[in-house]
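Protein chains in written order, with the numbering used here: chain V, 9 to 431; chain B, 260 to 619.
I should point out that these hints are in silico values taken from the structure, not numbers from a laboratory. Incorrect hints may appear among the rest.
As the list claims (entries may be wrong) - Only some residues are given here: those of chain V computed to face chain B with a beta carbon under 7 angstroms:
(1) Leu346
(2) Ser411
(3) Leu422
The model shown is predicted, which means the values in this text are computed figures rather than measured ones. Note that beta-carbon positions come from the ideal geometry of N, C-alpha and C, so glycine has one too.
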Amino acid sequence: MIPRAVLALACLAVAATGLAAPRPGTVGPPGKAAVDTCLDCHRSLDETRLSQPAEQAATDIHRLQGITCAGCHGGDPRAEDPEAAMNPALGFVGAIAPTAVPALCSSCHSDPSFMLRYAPNIPTDQAAQYATSRHGLALAKGDTRVATCTSCHGAHGVLPADDARSPVYPSRIVATCGRCHADAALMRAYGISGNEVADYQQSVHYAALTQKNDLSAPTCNDCHGSHGATPPGVSSVSNVCGTCHLTQRELFDLSPHKEAFASIEQPACETCHGNHAVHTPDDTWIGVGKDQVCGNCHVADDPGGQVAAQLAARLTGANSAIAATRERVARAERAGMLMDEALVQLEEAHQALVLARNQVHAAALAPLARETGSVLAAAAKADRLAQAAEDEIRFRRTGLAVSLVVILLAAVALLLKTRSLER
Amino acid sequence: MGIFKRLWAALDERLGLAPLVEFARHKEVPRHRYSWAYYFGGLTLFFLGVQVVTGILLLLYYRPTAEAAFESVQFIVTRVPFGWLVRSIHSWSANLMILSAFAHMFSVYLLGAYAKPRELTWWSGFALLLLAMGFGFSGYLLPWNELSFFATRIGTDIAGKTPLVGGWLLRFLRGGDDVTGATLTRFFGFHVALLPMITSALLALHLLLIQKQGMHVPEKLAPEAKSRPPIPFVPNFALREATVWLGGLALLAVLAAFFPWELGVKADPFAPAPAGIKPEWYFLFMFETLKLLPPHVLGIEGELVGLALFTFGGLVWFLVPLLDRGSERGKRSPLFLLLGWLVLAYLVSFTALSLAGVFQ
Numbered sequence: 009m010i011p012r013a014v015l016a017l018a019c020l021a022v023a024a025t026g027l028a029a030p031r032p033g034t035v036g037p038p039g040k041a042a043v044d045t046c047l048d049c050h051r052s053l054d055e056t057r058l059s060q061p062a063e064q065a066a067t068d069i070h071r072l073q074g075i076t077c078a079g080c081h082g083g084d085p086r087a088e089d090p091e092a093a094m095n096p097a098l099g100f101v102g103a104i105a106p107t108a109v110p111a112l113c114s115s116c117h118s119d120p121s122f123m124l125r126y127a128p129n130i131p132t133d134q135a136a137q138y139a140t141s142r143h144g145l146a147l148a149k150g151d152t153r154v155a156t157c158t159s160c161h162g163a164h165g166v167l168p169a170d171d172a173r174s175p176v177y178p179s180r181i182v183a184t185c186g187r188c189h190a191d192a193a194l195m196r197a198y199g200i201s202g203n204e205v206a207d208y209q210q211s212v213h214y215a216a217l218t219q220k221n222d223l224s225a226p227t228c229n230d231c232h233g234s235h236g237a238t239p240p241g242v243s244s245v246s247n248v249c250g251t252c253h254l255t256q257r258e259l260f261d262l263s264p265h266k267e268a269f270a271s272i273e274q275p276a277c278e279t280c281h282g283n284h285a286v287h288t289p290d291d292t293w294i295g296v297g298k299d300q301v302c303g304n305c306h307v308a309d310d311p312g313g314q315v316a317a318q319l320a321a322r323l324t325g326a327n328s329a330i331a332a333t334r335e336r337v338a339r340a341e342r343a344g345m346l347m348d349e350a351l352v353q354l355e356e357a358h359q360a361l362v363l364a365r366n367q368v369h370a371a372a373l374a375p376l377a378r379e380t381g382s383v384l385a386a387a388a389k390a391d392r393l394a395q396a397a398e399d400e401i402r403f404r405r406t407g408l409a410v411s412l413v414v415i416l417l418a419a420v421a422l423l424l425k426t427r428s429l430e431r
Numbered sequence: 260m261g262i263f264k265r266l267w268a269a270l271d272e273r274l275g276l277a278p279l280v281e282f283a284r285h286k287e288v289p290r291h292r293y294s295w296a297y298y299f300g301g302l303t304l305f306f307l308g309v310q311v312v313t314g315i316l317l318l319l320y321y322r323p324t325a326e327a328a329f330e331s332v333q334f335i336v337t338r339v340p341f342g343w344l345v346r347s348i349h350s351w352s353a354n355l356m357i358l359s360a361f362a363h364m365f366s367v368y369l370l371g372a373y374a375k376p377r378e379l380t381w382w383s384g385f386a387l388l389l390l391a392m393g394f395g396f397s398g399y400l401l402p403w404n405e406l407s408f409f410a411t412r413i414g415t416d417i418a419g420k421t422p423l424v425g426g427w428l429l430r431f432l433r434g435g436d437d438v439t440g441a442t443l444t445r446f447f448g449f450h451v452a453l454l455p456m457i458t459s460a461l462l463a464l465h466l467l468l469i470q471k472q473g474m475h476v477p478e479k480l481a482p483e484a485k486s487r488p489p490i491p492f493v494p495n496f497a498l499r500e501a502t503v504w505l506g507g508l509a510l511l512a513v514l515a516a517f518f519p520w521e522l523g524v525k526a527d528p529f530a531p532a533p534a535g536i537k538p539e540w541y542f543l544f545m546f547e548t549l550k551l552l553p554p555h556v557l558g559i560e561g562e563l564v565g566l567a568l569f570t571f572g573g574l575v576w577f578l579v580p581l582l583d584r585g586s587e588r589g590k591r592s593p594l595f596l597l598l599g600w601l602v603l604a605y606l607v608s609f610t611a612l613s614l615a616g617v618f619q
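Take the sequences, apply the hints, and build the full model.
Quick look at the structure:
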């Protein structure tokens, strides 16, 4: 059943679309920057509140696409006389109230035929999504502190979302959401702690986004949605994480944890990995000891605890084998040996270890043991190559020692001969 | 008559070898406090011989194309029996040869051995050092690894700055506008055919002149050399030289066993140049000096000014037998002696500071 508030907002949006559709003369041909008299006057005004929008309009995507100020604010953009330009009879409304913003933006952005002229590949369901979001629902109840379109995209000087300067560009989303969500005092009113942004900034996702410039790394909107922003519920967490972590999700779905977590209303991934502060997983997490995640539900003697202990033992063994072989190979490399083949084997061992770690999500011993077996086999091959290199180094050193003895004897013989000749 | 005596008699009858033996029997090396300086030339020759032998062995497996060069060197050092040893000795010997050649040149300069009538020996030796550096520059690229690729790009870029002929010279060296497989093939040709051919001819002339003119004795050491009995070349000096060569061989063996020459990473022409690219150590003084120069000197590009100065300096060094007019009478100009020490101090200090990373 559709909540009443959603219906109310949807009706408001539909109504506003009709009321606020750009009038003829306020929208120029696509691709050609709009020229209007509003900007000429407002740029010269002393009051920043009035002049700043005109300054910001220089890079605004709407102005650059031929949409004048009157497209949103009404009035006559061609009139030289301020009275005529801001004539209420011509639809001039002045500043837009926050509650009117979604309807105003959607009057164009929800119109597929209108948007086709400007950006045929962007969606036109933002208003419908917004109406279902926590923001939209609260706005429909008259809460004007919640985010509307302009809170995130800006009002004037709006940039395309794929422009790196835009506040909704992936690397800037956190700061944009954080303007409200990092404000603990503001968030308290909504039952939100306000430390979500700080937590996220410690996560592996944030590190990937900011340190590796990996724009595919998830930021706020990738899990919560953009226009339909809402916290994922217990049942949808694995869907959200599984969007990127497909294999882990598939393995989890096959595991006994799937039903067990559902029965105690525990979210899937979040229970072990956390939500915002998702850290790089570590093999030491597995087990029922202190600070180990399995211990949250299991004890050492129950079947789950025993499986966890065996999983941990297999992974520890695989890690140790790789570490010991890597050190041995590095020693041979430092001695000047070419260890490319051994490094390939170590890489294979590492790949198998990654697969073994994945199998932790299935919480079953057999598949993980199969992968750790591959780890040990590849590490053993690398170890044999390192052994061969060490043998070769010994052979070389022995050969060198023999050669030096021969050379030394020859040199001594020559010196003695020279001395006997010159005596 | 034994078989060897009969063989000798047959050869002597046909080739007239007896005078050569007589010459060797009477050849003598002066004995004085700086007699040790006479060994550097022979040591350089020894390292050159090692280069020829190991180079021929490497040729059996090396493939001079961008696609196969790196892999063929990798094959040599991993699969070919003692390939690692041959390759390491070739690389170390190349460096020791140039070091020894520099030592030879500076000992000749500082002892004034360039003076008349040895101008031609000096000039041929100077050219041989340049050829040795050419061997080093062309050989550096042959393994086609990342460092050699970008160092060659920088080196040929510098050559391309030469006024008037720079553009032509750059394309001649590279076989195109950039360092490619064409450059590799070309450098291989220089390294194994062109340079050896010129070097052989010049080396023959150089050795012939030394035999013709005998060892130089500095004017100040003449009384000492007269007061001490000279060293007969055969067999005494030859045996001493052989002992030095054995020392060189032992050094090569130690270096090859403990510090096998690295192979590096295969060159990727599309990858960005890694940080800290440097040429071989014997080009470092020039490389660092050019880097230290300001972008413009008196409105002229800094690198161009640097190249002009190096060319001028090289020319002065080359023409020193003519410029140091008193040297032919045994009265060397103190100015040229000072110049020699200054050049030596400059080369040693810049090379050492660069290797220590001071210029980074």
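Now the hints, each set against the structure:
Because the closest C-beta pair between Leu346(V) and chain B is about 6 angstroms apart, less than 7 angstroms, the hint holds. Interface restraint check for Ser411(V): the shortest CB-CB distance to chain B comes to about 5 angstroms, inside 7 angstroms, so the restraint holds. With a least beta-carbon distance of about 5 angstroms to chain B, the hint placing Leu422(V) at the interface is held under the 7 angstroms criterion.
Going down the numbered hints, you'll see the structure goes against none, and every one checks out.
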